[in-house]
Amino acid sequence: MDVFGFGIAIFDSGVRLAVPLLFACLAGLWSERSGVVDIGLEGKLLVAAFAAAAASHRFDSAWVGLAAGIAASIAFALVHGFAVISQRGNQIVSGVAINMLAAGLTALVGNAWYGQGGRTPPLEGAMRYQPLTLPGAEQAAAVPVVGRLYAYVVSGHSVLVYVAIAAVVATSFVLARTRFGLRLRAVGENPAAVDTAGISVTGLRYAAVVIAGVLCGMGGAYLSLDQAAAFLPLMTAGKGFIALAALIFAKWRAWPAFWTCLLFGLLDAVAIRLQGVVVPGVGQVPVQAIQALPYALTVILLAGFIGRAIPPRASGTPYVKER
Amino acid sequence: MSAPIEVPRWVDLALVPALAVVAAFLVAGLVVLAIGENPLSATLILLRGALGSGEGLGFTLYYATNFIFTGLAVAVAFHAGLFNIGGEGQATLGGLGAALVCLRLDFLPAWALVPLGALSAAAFGAAWAFIPAWLQARRGSHIVITTIMFNMLASALLVYLLVNVMGKPGSMSVETRVFAPAAHVPFVHELAAQFGVPIPASPLNLSFVLALAMAALMWVVLWRTRLGYAIRTVGASPTAAAYAGISNTRVIVVAMLISGGLAGLVAVNEIMGVQERLLLEFTSGAGFIGIAVALMGRSHPFGIVLASILFGVLYQGGTELAFDMPSITRDMVVTISGLVILFAGALDGLFRRPLAAAFAGRGKGA
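So the sequence lines, in the order shown, correspond to chains X and H.
To convert, note that position 302 of the first sequence is 302 in the working numbering; the numbers rise steadily by one, no gaps.
Every number in the working numbering is 323 more than the matching position in the second sequence, counting from 1.
Careful, some of the hints might be misleading.
[Unchecked claim] A partial selection of chain X residues facing chain H, derived with a Cβ cut-off under 10 Å:
| hint | residue |
| --- | --- |
| 1 | 88 |
| 2 | 89 |
| 3 | 104 |
| 4 | 106 |
| 5 | 190 |
| 6 | 193 |
| 7 | 287 |
| 8 | 299 |
| 9 | 301 |
| 10 | 304 |
Keep in mind that the hints were calculated from the coordinates and are not lab data.
Here the structure is a predicted model, which means the values were calculated and not measured.
Even for Gly, the Cβ is constructed at its ideal location relative to N, Cα and C.
Whole structure, please, built from the sequences with the hints as guidance.
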C-alpha cells in the first residue's frame with residue numbers, strides 16, 4: 001500500500017472511532033450548557049449499546065435496535081435528571097451511580113439472556129447498519145487525492161456517521177441562533193435570571209438532559225450495531241470519559257467538539273495501527289502513550305497552561321427557587 | 324450542593340442510610356425477579372455464602388479490607404469538600420509502589436520489607452493524588468475531572484510498564500514475576516495456626532488489621548487534631564477557613580495526600596497479601612465501591628467499616644451466588660453498588676425530606 005493509501009486507511013478508521021466520541025461529547029455539551037454536569041456519559045453509551053444490540057437481535061432490525069438504544073439511554077438520563085434537577089442531588093454522585101448501574105446491569109442481564117458471559121450473539125444482515133455509498137463515490141475513486149478522499153473517507157460509512165455530523169450542525173445552530181438554545185445556555189449561566197423571566201428552569205434542564213440521552217443513545221447504538229456488530233461487556237472502554245475530555249478541550253462548543261473528537265479518534269486509529277510496530281530509530285512505539293494523550297492534554301488544559309477552559313457558570317449547582 | 328435538610332442526628336447517621344440500602348435492595352430484588360430467579364432464595368444463598376462458614380467469613384473480611392481503605396480515602400476528601408473519584412488510579416499506583424519495593428529490595432528480611440512495601444504503596448498513591456490536588460488548590464482545575472483523567476492515565480501507565488518494562492520475561496501474561504516470600508503479608512489463618520488455633524484458610528491477611536487501625540487513626544485525625552479541624556473547616560466553608568487563617572491550599576493538598584495514601588494501601592491487601600505479584604486490574608473497582616461505602620457510612624470511620632463489611636458480604640456472597648444461580652453473576656454486586664450510590668448519595672433527599680417533615684413536629688433540633 002502506498003503512503004497515501006495508508007493515510008486514507010488511518011483517516012477512515014479515525015472517523016469511525018470518532019463517531020461515538022462525538023455523540024457522547026455533544027450529549028455532554030447539551031447537558032452541561034444547561035447547568036447539569038454529566039459524568040454518566042459512559043454509562044448511557046453502554047446501556048444504549050446493549051439495548052440496541054438486544055432489540056436488533058430480537059426483531060432483526062437495526063432501526064428497532066436504534067430506537068431501543070435511544071429509549072434506554074433516555075431512561076437513564078431521566079434517572080439522572082430526576083436525581084439532580086427534581087431532587088437537587090449531587091450531580092457527580094449521580095453520574096458515578098449511572099456508570100456503575102449501566103456496567104452492572106448490562107453484563108448481568110446480558111448473561112442471563114444469552115448465557116455468553118454478557119455478550120449478545122453476533123449481529124448479521126439487517127440487524128446491523130451497512131455502509132452507504134454516497135452518489136458518485138465509485139467514479140470519484142479514480143480521481144487522485146480529492147476523489148479518493150471522497151470515496152474512502154467521506155463515503156462508505158453507515159447512516160449514523162452522517163447523523164453525527166448533522167448533530168454537530170444542529171447543535172451549533174440551535175444553541176447559537178434559536179430562542180430555545182439561548183434560553184438553555186442562559187440556564188447554564190444564570191438560572192435565577194431565566195426564572196425571573198418566567199421560564200421554567202426545570203423544564204429547560206429536563207429538555208437538555210433528554211437531548212443528551214438521545215445523543216448518547218445513538219452513540220451507543222453505533223458501537224454495537226455498526227462498529228462491533230455485537231454487544232460486549234464494558235465495550236465503551238472509557239469512551240464516555242474521553243468524550244468528557246473532548247468536551248472540556250472544545251470549551252463546550254459544537255464545532256471545536258467535532259474537531260477534537262476527530263483528533264482523538266485519529267490518535268486512537270494511529271495507536272491501533274502502531275501496535276507492535278518497530279519504527280527505525282525509535283524502537284517499539286509506546287502505544288499506551290498515544291492512547292493516554294487525550295487525558296494528559298485535558299489535564300494540561302485544565303491546569304491553564306494552554307488557554308483556559310471555563311465551564312458554564314451554573315453547572316454543577318442545583319437551582320433552588322427563592323421563596 | 325443543596326441546602327441542608329435538618330433532621331435529628333440519629334436519623335441522619337442511621338435511618339437515612341438504612342432506608343437507602345433497603346431501597347437499593349428492593350430495586351435489586353426486582354432485577355432478580357426480572358431475570359426469572361427468586362430474590363428471597365438468592366438473598367439466602369448470598370448470606371450463607373458470605374457468613375455461613377469460617378472460610379466465607381474470611382473472604383468477606385478480605386474484600387471488606389479494600390473497601391475500608393478506599394472508603395476512608397473518599398471520606399477524608401469529602402471532609403475537605405473535595406470529591407476524589409481517583410481512588411482507582413491511586414490504588415493502581417499503590418500497586419506499582421508496593422511492587423517496586425518488593426521486587427528491588429527483596430534481599431531484606433520480612434520485618435523490614437513488608438512495612439517498606441506498605442509505605443511505598445501509600446507514598447505512590449499519595450503522589451498520584453498530589454497533582455490533581457495541587458491543580459485544584461492553585462490553578463482551580465476541577466478535581467473531579469482531573470482525578471477521572473488520572474484514573475485513565477494510571478491504567479495506561481500500568482499497561483505500558485507491565486508490557487514493556489516490568490513484565491515477567493518470556494511470559495505472555497501481563498504481570499511481574501512472583502515476589503520473594505519475605506514480601507508476603509501473613510494470612511490470618513497462618514498466624515492462628517502458629518498459636519495453635521486452627522481456622523479455615525482464606526485470603527484474609529494482616530492488612531485487615533491495618534485497615535481497622537487506619538479507620539481509628541482517621542477518627543483521631545479528623546476529630547481530635549488541629550489538622551482535622553482545619554480539614555473540616557475548609558470543607559464546611561472555605562472562606563470562613565481563610566478568614567480564620569487556615570491555608571486552603573495546604574489543607575486541600577494534605578487532605579488529598581492522605582486520601583491518595585489510603586487508596587494506595589489497597590495494594591498491601593491485594594498485591595502483597597494475596598496476589599504476590601503486580602498484575603492488571605487488581606483493584607477490580609474498589610475505588611468506586613469506596614464512594615458507595617463513604618456515602619453509606621456518612622464519611623465516619625465507624626460507618627465506613629460497617630458499610631465495607633456489608634459490601635464484603637455482597638462480594639463474597641455474590642461469588643457463591645454465581646455458582647448456585649448461574650444467571651446471577653458477580654455483576655449483581657456492581658449493580659447494587661450503583662443503586663446504593665444513587666439512593667444514599669444523589670437521591671437521599673427522597674428519604675430525608677419526609678423524615679424531616681415527620682420529625683419537625685416534635686420540636687427536636689439536629
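Going down the list of hints, with the structure as the test:
Annotation: interface hint on residue 88 of chain X holds; nearest CB of chain H at approximately 4 Å, less than 10 Å. The beta carbon of residue 89 of chain X comes within 3 Å of a beta carbon in chain H, closer than 10 Å, and the hint placing it at the interface holds. Contact between residue 104 of chain X and chain H, as hinted, is supported at the beta carbon level, the nearest pair being about 3 Å apart and thus within 10 Å. Here the hint on residue 106 of chain X is kept, as its CB sits about 8 Å from the closest CB of chain H, short of 10 Å.
Using the Cβ-Cβ criterion of 10 Å, the hint placing residue 190 of chain X at the interface with chain H is not satisfied: the shortest such distance is roughly 18 Å. A cut of 10 Å between beta carbons decides the hint on residue 193 of chain X: the least distance to chain H is about 20 Å, and the hint is violated. At a threshold of 10 Å, the smallest CB-CB gap from residue 287 of chain X to chain H is about 8 Å, leaving the interface hint in force. For residue 299 of chain X, the shortest C-beta to C-beta distance to chain H is roughly 5 Å, which falls under 10 Å, so the interface hint holds.
The beta carbon of residue 301 of chain X is positioned within 10 Å of a beta carbon in chain H (closest approach about 9 Å), and the interface hint is therefore held. Annotation: residue 304 of chain X was flagged as interfacial toward chain H, and the flag holds, the nearest CB pair being 5 Å apart, inside 10 Å.
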